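**Q** Spelled out, the chains give:
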Amino acid sequence: MKIVVCVKQVPEVTNVQVDPATGTLIREGVKSILNPFCEYALDHAVRLKQAFDNISISAITMGPPQARDVLLRCLELGADEGILVTDRKFAGADTWATALTLAEAIRTAVPDFDLILVGKQAIDGDTAQVGPEIAEILGLAQITYGVEVTLSSSRKQVRVTQEVERGYEVVEAALPALVTCSKGEVVRRAPSFKDVLQARKKLIRTIRADAIAIPEGQLGLQGSFTQVVKVFPPPAKKTNTILQNLEVEKAAQEIFSFLKEKRFL
Amino acid sequence: MHEINSRSAPSADFSKVKCIEGFECIQAEYSAYLTDESKLSARPFDYLFFPKSEAELAAVMAELHRRNIPMTFASARTGLVGGCVPQEGALISLEHLDQVQAVYRDPASAEWRVKAQTSVSLKNLDGMLRIKQFPGLEQSPDPVVAQGLRDFREDPNQYFYPPDPTEMSASLGGSVVTNASGARTYRYGPTRAWVRGIRVFLADSEYLDIPRGKYFASPGGQFVVWNTQGVASTITIPDYPQPRTKSATGFYAAPQMDLIDLFIGSEGTLGVVTSVDVALLKREEKVSIIQFLDSDEQAVQLAEAMRAESRLQLDFLEFYSGNALNLLRELQKVEPSTVGMPAIPDDARGAIFFEMSFDPHTEELEYAALEEVIASCGASLERSWAGYESRELDRFKVFRHMVPETINSILAERKKQYPGIHKLGTDMAVPDGHLQEMWQLYKSCCEELNLEWYAFGHIGNNHIHVNILPRNMDDLNNGMQLYAAFARKAVELGGSVSAEHGIGKIKSKFLQYMFTPGQIQQMRRVKEALDPKGILNPNDIFPAEVHP
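So the protein lines, in turn, are chains A and B.
For the first sequence, position 216 matches number 216 in this note's numbering, and the numbering has no gaps at all.
For the second sequence, position 540 matches number 540 in this note's numbering, and the numbering has no gaps at all.
Source of the hints: derived by calculation from the structure; they are not laboratory data.
Heads up, some of the hints might be wrong.
Unchecked claim - Derived pair list, reagent style EDC-like, types lysine to aspartate or glutamate, alpha-carbon separation capped at 20 Å:
hint, chain 1, residue 1, chain 2, residue 2
1, A, K31, B, E284
2, A, K202, B, E284
3, A, K156, A, D87
4, B, K286, A, D53
5, A, K31, B, E88
6, A, K31, B, E285
Stated by the list, open to error - Covered stretches of chain A, going by a simulated chain B footprint (3 or more residues, C-beta under 8 Å):
hint, segment
7, 80 to 88
8, 182 to 189
Being a predicted model, the structure only gives us computed values, none of them experimental.
Every residue, glycine too, gets a C-beta built ideally from N, C-alpha and C.
Let the sequences and hints guide you as you build the complete structure.
**A** Encoded structure:
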């Protein structure tokens with residue numbers, strides 16, 4: 001059984017600060033990491049591999065050559081092989097062009113896949129579009145916001161606990177299918193140092209534009225229906241009112257009136 | 001040169017300095033200032049000052065000096081020995097002296113340095129260095145400062161300040177006056193090794209600028225400080241040797257020592273540091289590894305083997321006892337995500353935690369030396385956790401702190417039933433070659449008395465923290481006797497009774513274990529020369545009853 005996990009390299013935002021002048025992230029000294037939701041997707045794949053025999057996991061990413069780092073990370077965490085989809089012609093892809101490229105790369109590299117797991121969204125773009133788009137392009141059933149993933153005993157269906165607005169629902173889909181993963185109860189894995197060393201010995205395949213059957217006009221920026229025109233911070237919200245230079249009694253009266261008016265009292 | 005002139009600070013109006021008067025008011029409105037991380041309680045004191053500048057600080061000190069009012073200094077209040085907890089007089093909070101003043105390349109040493117006021121926190125400094133943004137420096141009217149910042153940003157390398165005394169909310173100045181150390185002291189030494197200059201205000205409110213490498217004790221072991229009135233104070237350096245371990249016990253002393261080293265680690269008893277220059281080091285990529293083991297003894301054996309392996313260059317080498325791992329396992333049973341790590345392996349009965357350089361982009365990683373030394377102790381790298389991304393390094397660091405934090409929360413609960421009990425945490429280090437002996441003593445004594453105890457910490461520096469958690473007053477008394485026995489043994493082996501926490505008020509009784517009455521007298525004379533009225537951080541280092 002073959003599971004494909006789609007992953008993305010994103011900036012490590014835990015220590016990032018925003019430039020007050022431009023409203024953009026200060027990238028100085030910021031490293032890239034495996035998108036956390038992609039890591040949860042991989043975690044589900046590794047759990048399935050631990051619970052069922054004969055499962056192989058392929059981690060795939062589209063990006064510049066340095067995106068290889070996230071594939072290494074996946075190999076440390078339990079993936080069996082990495083697939084790097086990289087070419088200058090892919091640059092500037094929006095979610096549609098990305099999904100089209102990834103779908104075709106999966107068809108090319110792992111034609112006999114059974115299950116595709118993806119993170120529900122990337123923490124940099126936050127679109128949550130690529131996973132569902134891949135499913136549509138490949139004509140697969142899709143289940144979104146999965147927090148528990150398991151297989152039926154026949155291994156012909158995937159059963160997923162998915163987050164819904166009022167709690168959880170358990171749904172099934174016939175394989176092949178695609179599941180987008182949310183966090184759930186996952187405690188992130190820590191590979192052993194042996195895993196880290198051995199990951200460097202595992203296979204990472206590279207797929208370029210000429211290896212997939214998509215016309216050049218549908219790749220990268222050319223094949224994108226959307227473009228980022230401008231990045232700007234949302235206008236600051238007025239969050240408070242400060243009463244200054246008032247007598248204590250007067251200030252208290254003002255606060256009382258305000259709370260009354262807003263129906264807090 | 002062994003003579004130095006003090007200078008007068010710019011003047012400020014004492015009456016304009018923010019001051020809270022009266023203990024009742026301080027208790028009611030400023031209760032955070034009544035203790036520090038030691039949880040020692042303040043005794044009634046009369047004034048709480050918040051100077052906003054060195055000039056205001058000098059005005060306060062001059063006035064209090066004139067009125068013979070003792071002054072205790074506080075910054076982040078993260079100390080563990082009650083150093084900044086006042087017992088009388090005035091508390092002066094330095095928290096508003098919190099600006100980075102410059103980042104510059106020292107031409108002679110070719111090293112990058114930061115000049116900062118005393119209350120810049122280590123966490124903020126680290127954050128500023130990571131993104132090379134320093135609020136206030138961008139708009140500096142001083143062209144030299146502005147140019148230094150531009151040059152720093154143009155340098156493609158990343159830099160960091162190596163001392164890592166665990167508590168990153170500590171202030172830079174506080175870490176200097178306590179000569180703070182921590183896990184990375186294993187490779188980089190204590191704070192002292194990274195201080196390149198200080199400004200220190202003396203009891204009479206005049207100040208000294210002391211760069212490293214300029215003022216050395218005379219061959220006769222003296223310094224002379226001239227004040228602006230032309231009056232000289234002569235300091236005679238004590239003649240005791242330093243222990244062959246890391247130590248935060250008493251004043252540093254060495255033949256022809258650098259004057260700066262007298263103030264580093266003096267716990268604010270000789271003067272108050274307002275500004276420091278520290279050196280930075282190029283940041284390298286690291287991997288943190290937690291190696292799980294079969295027993296505490298295997299951990300001690302592996303630590304010694306790793307230290308002896310010259311091909312391994314470790315940043316730190318830390319220890320978790322088997323019972324400390326059990327403590328964390330219990331937390332994981334209640335809530336798997338509490339510890340922030342996967343389940344601790346069931347068969348782990350001890351662990352070593354270390355960090356070393358690592359390039360994740362290299363195709364072939366060569367760690368034969370590590371694999372060999374681990375295998376030689378009967379362990380396997382398959383039973384480890386490894387992380388190298390900065391979020392992973394942070395996660396491992398949090399895991400490291402979980403043991404002491406959990407212990408503190410257990411004790412906080414226990415204090416509700418027995419208000420008199422407190423944690424007994426050893427801070428002793430012994431020289432190389434004595435680790436196993438000291439460990440056996442710790443473990444056998446604690447087990448013999450059936451005490452609840454956990455051990456963790458800086459095994460690479462032979463500096464294991466044994467934390468005894470009294471369950472009742474009998475345990476407390478037994479534990480205190482044991483603590484004293486441990487301290488005597490550490491000294492007997494040539495070690496230190498306080499390797500990193502300092503002496504402050506809580507550990508002053510242990511000074512006599514390490515120093516003879518004559519040597520303590522020599523220390524007191526240094527204090528008398530610089531603070532004749534004995535009004536700076538009274539009761540710190542020297543026990544109250546024998547205070548000069």
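**Q** Could you tell me which of the numbered hints above are not met by this structure, giving the numbers in increasing order?
**A** 2, 3, 4, 5 and 7
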